[in-house]
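Colleague: Keeping their order, the protein sequence lines are chains H and P. Per this note's numbering, the first sequence starts with residue 1, numbered consecutively. Per this note's numbering, the second sequence starts with residue 436, numbered consecutively.
Just so you know, the hints here were simulated from the structure itself, not pulled from any lab data. Keep in mind that the hints are not guaranteed to be accurate.
Simulated DEER-style distance windows between Cβ atoms [unchecked claim]: (1) H:G404 x P:E547: 32 to 38 Å; (2) H:V416 x P:W692: 36 to 42 Å; (3) P:R658 x H:N121: 52 to 58 Å; (4) H:V412 x P:R658: 45 to 51 Å; (5) P:G761 x H:V416: 35 to 41 Å; (6) H:W353 x P:K762: 50 to 56 Å.
Ideal Cβ placement from N, Cα and C applies to all residues, glycine included.
In case you want the letters, here they are:
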Amino acid sequence: MENAELLLLARAQFGLNIGFHILFPSLTIALGWVLLFFRIQYARTGDAAWLATYNLWTKIFALSFAMGVVTGITMSFQFGTNWPGFMLKVGNIAGPLLAYEVLFAFFLESTFLGVMLFGMNRVPSWVHIFSAAMVAIGTTLSAFWILALNSWMQTPAGHVMDANVLVAGDWWEVLFNPSLPYRVTHMLLASGLTAAFVLTGLSAWRLLRAADDASARSTLRTGLVIAAVLVPAQIQVGDLHGLNTLKHQPAKIAAIEALWETRNGAPLVLFAVPNEDTRRNDYAIEIPRLASLILRHDADGEVKGLEAFAPDTPPVLPVFFAFRVMVGIGVLMLILAWGGVWVTRRGALPPRWLLWTFAAFTFAGWIATLAGWLVTEIGRQPWLVTGILRTADAVGQVSGPMLGASLTAYIVTYAVMLIAYMVVLTHMAGKGAKP
Amino acid sequence: MTFDLPLVFAVLMGAAVLLYVVLDGYDLGVGMLMPAATAQEHEIMVASIGPFWDANETWLVLGVGVLLVAFPLAHGEILAALYLPAVVMLVGLMLRGVAFEFRVKAEGWHRELWNWLFWLGSFVASFAQGLMLGRYVTGFEHGFLYYLFALLTGAALCGGYVLLGATWLVMKTSGELQAKALAWTRWGLAWVALGVALVSLATPLVSETVQAKWFTQFPFVPRSYWLVLLPLATLAAGIWVWRATGQLKKDAAARDWTAFAGAISIFTLAFAGLAYSIFPYVVIDRITLWQAASHPSALKMVLIGVAIVLPFLLGYTIFAHRVFRGKAQALLH
Chain H
1 MENAELLLLA
11 RAQFGLNIGF
21 HILFPSLTIA
31 LGWVLLFFRI
41 QYARTGDAAW
51 LATYNLWTKI
61 FALSFAMGVV
71 TGITMSFQFG
81 TNWPGFMLKV
91 GNIAGPLLAY
101 EVLFAFFLES
111 TFLGVMLFGM
121 NRVPSWVHIF
131 SAAMVAIGTT
141 LSAFWILALN
151 SWMQTPAGHV
161 MDANVLVAGD
171 WWEVLFNPSL
181 PYRVTHMLLA
191 SGLTAAFVLT
201 GLSAWRLLRA
211 ADDASARSTL
221 RTGLVIAAVL
231 VPAQIQVGDL
241 HGLNTLKHQP
251 AKIAAIEALW
261 ETRNGAPLVL
271 FAVPNEDTRR
281 NDYAIEIPRL
291 ASLILRHDAD
301 GEVKGLEAFA
311 PDTPPVLPVF
321 FAFRVMVGIG
331 VLMLILAWGG
341 VWVTRRGALP
351 PRWLLWTFAA
361 FTFAGWIATL
371 AGWLVTEIGR
381 QPWLVTGILR
391 TADAVGQVSG
401 PMLGASLTAY
411 IVTYAVMLIA
421 YMVVLTHMAG
431 KGAKP
Chain P
436 MTFDLPLVFA
446 VLMGAAVLLY
456 VVLDGYDLGV
466 GMLMPAATAQ
476 EHEIMVASIG
486 PFWDANETWL
496 VLGVGVLLVA
506 FPLAHGEILA
516 ALYLPAVVML
526 VGLMLRGVAF
536 EFRVKAEGWH
546 RELWNWLFWL
556 GSFVASFAQG
566 LMLGRYVTGF
576 EHGFLYYLFA
586 LLTGAALCGG
596 YVLLGATWLV
606 MKTSGELQAK
616 ALAWTRWGLA
626 WVALGVALVS
636 LATPLVSETV
646 QAKWFTQFPF
656 VPRSYWLVLL
666 PLATLAAGIW
676 VWRATGQLKK
686 DAAARDWTAF
696 AGAISIFTLA
706 FAGLAYSIFP
716 YVVIDRITLW
726 QAASHPSALK
736 MVLIGVAIVL
746 PFLLGYTIFA
756 HRVFRGKAQA
766 LLH
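Working from the sequences, and respecting the hints, build out all of it.
Modeller: In structure tokens:
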């Protein structure tokens with residue numbers, strides 16, 4: 001089998017796993033904090049409605065957490081099988097970051113999860129709240145460590161060469177590499193939005209069946225308020241993240257903007273079909289000078305095109321479209337969240353068509369997160385670690401048929417899991433919280 | 436003070452793998468025993484492992500994680516050689532994990548289906564782990580006898596997990612289910628005895644390295660008579676489990692944790708034998724611990740993290756087990 005095909009299979013398989021995995025943490029990271037809020041509200045007020053709400057959403061959390069755990073384990077195996085070159089070249093830096101994730105976060109969340117799920121009647125109230133807090137802190141910490149590694153791969157810093165492998169020169173610089181603050185904030189906000197729209201969407205689903213469900217009304221409003229606050233923050237952080245990327249990974253920005261040539265006063269391409277063969281955009285709809293204005297804060301500013309980075313440029317088409325999907329969903333989220341907060345003021349029930357819209361947007365956060373992930377990971381190509389290690393140089397020796405067979409097994413398993421997950425989630429939400 | 440860092444990490448990895456095998460072993464064992472129980476008993480069985488399985492599975496991530504982080508050369512080598520059984524194991528663990536959650540929420544034949552998948556996932560994961568062990572010990576050699584040996588270790592590990600699961604249930608349940616668990620313990624023990632005996636006999640035959648570690652003259656002159664202690668202690672632990680179940684059968688007030696402790700001893704002894712056989716290799720006959728080790732700067736960094744976390748980790752693991760001590764009730768979150 002051709003090396004190029006092996007590389008593609010290895011990437012497809014790893015991408016499928018990591019893309020499927022990310023769905024569940026992106027929900028549970030923020031949902032953990034929402035649960036803590038419900039739990040504290042119950043302790044504060046003693047109102048059984050809060051307890052019912054907490055119990056329903058704990059079930060949803062437990063299910064999502066389990067999906068995250070089992071798909072996460074798969075990845076710890078695939079680092080070595082799919083990308084042995086990665087560990088050999090940069091393992092001295094990537095390894096400790098992964099180890100810290102397991103040590104400082106994974107054990108914390110999974111151990112206290114047991115107490116949180118089953119221990120309410122066995123421990124004092126404050127110990128139970130403490131356990132819920134530990135779970136929320138654990139999920140957030142695990143995001144921090146994983147994103148520390150991902151950020152280092154995108155914008156490496158703090159390393160020195162020692163006999164052809166990288167070792168850390170300064171761990172502080174490795175950890176707080178240039179893109180880390182932006183990436184972590186961007187991801188945590190994405191998680192907040194994912195959880196907010198799941199809250200809103202599933203509550204709307206319940207309200208379509210039982211309009212007088214007080215718990216669903218309150219969680220609908222909770223989700224909308226969280227989203228209304230977080231969407232503008234996310235837009236601001238996204239912009240800063242983009243400027244940071246322009247500084248450190250300009251080729252990624254050129255692919256996002258589908259800018260083939262370096263030019264002053266670059267236009268913002270709203271829509272186009274980037275054509276890799278002719279190296280120009282077909283059917284382009286552009287706003288003159290706007291890209292320069294956004295990226296350089298100067299309508300005549302120079303923006304580097306893909307030609308400046310040839311031949312090490314990412315594929316343009318997927319990065320270009322994934323970015324527009326992400327931004328498009330962001331805009332829709334803003335409209336829905338602010339509109340929703342307005343409509344539900346003073347406890348009013350939204351009209352049915354709006355409830356249907358919320359329900360349809362239940363998993364909008366997932367699509368936006370996946371799209372953003374595609375932008376940042378494909379946009380990094382052909383590098384696995386920017387400027388240091390090429391993806392093609394890290395691929396392993398596992399044969400094509402084996403990769404193909406396991407890819408098939410994963411696809412089938414994941415499809416079954418995802419369908420079951422969606423069915424159970426909507427079923428539980430449809431029945432609502434039971435006091 | 437200087438540490439032999441690769442050795443420290445080998446001990447750490449061994450501890451994590453042993454803890455995983457014991458902790459998730461009882462989960463998987465309980466899963467494999469599902470078809471032998473009634474629908475009401477299913478609830479208690481699942482409730483007995485419910486608060487723990489997430490954390491138990493984390494030890495696998497730590498074990499594989501240490502292999503990846505401390506011995507990256509071996510991680511690639513071992514997991515590439517075990518690629519297919521590892522995928523099968525992972526699919527099994529996925530099925531088991533999600534079935535655990537889904538079965539609670541399902542009703543009617545749906546619940547039956549998830550129960551069945553729970554069993555299937557537990558069984559497939561256990562068998563695949565045993566298979567991987569067999570392939571690993573023989574240095575991934577190809578050939579009919581080597582494959583047969585791997586099938587044997589697969590079956591033996593299933594037996595071992597059933598023993599762990601059954602003794603766990605003896606400790607965590609009462610009444611009729613406990614009586615059943617006592618019978619399962621004895622079946623599991625017989626299975627384990629057969630498996631351990633066969634694997635112990637076959638291992639020196641399929642691996643010359645292991646043979647040389649145990650015997651100066653095969654099969655009659657062991658390298659050291661201290662080594663004979665290991666099989667003898669294992670035998671004693673087996674008898675201990677058998678007697679413990681006998682006492683509980685006669686007297687329900689007898690201590691209910693002794694059989695589980697005995698089962699853990701059997702696993703620990705078997706693991707010690709294995710570790711002795713393989714040392715100093717991490718991939719048998721090919722790569723030693725020191726050849727596979729990461730750069731000292733990386734190992735030091737991880738070691739600092741381990742030193743900080745380990746006391747807390749042990750602390751809250753014990754805390755969680757104390758919260759749920761005593762007999763399990765069919766509780767649902």
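Colleague: It remains to establish, for every hint, whether it holds in the given structure.
Modeller: Going through the hints against the structure:
Separated by about 33 Å at the C-beta atoms, H:G404 and P:E547 satisfy the suggested range of 32 to 38 Å. Judged by the Cβ atoms, the range 36 to 42 Å given for H:V416 and P:W692 holds: they are separated by roughly 38 Å. For P:R658 and H:N121, the hinted distance range of 52 to 58 Å is satisfied, since their beta carbons lie about 55 Å from each other. For the pair H:V412 and P:R658, the beta carbons lie near 49 Å from each other, so the given range of 45 to 51 Å is met.
One distance hint, 35 to 41 Å for the beta-carbon pair P:G761 and H:V416, holds here, with the actual separation near 36 Å. Separation of H:W353 from P:K762 is about 53 Å and conforms to the stated range, judged on CB atoms against 50 to 56 Å.
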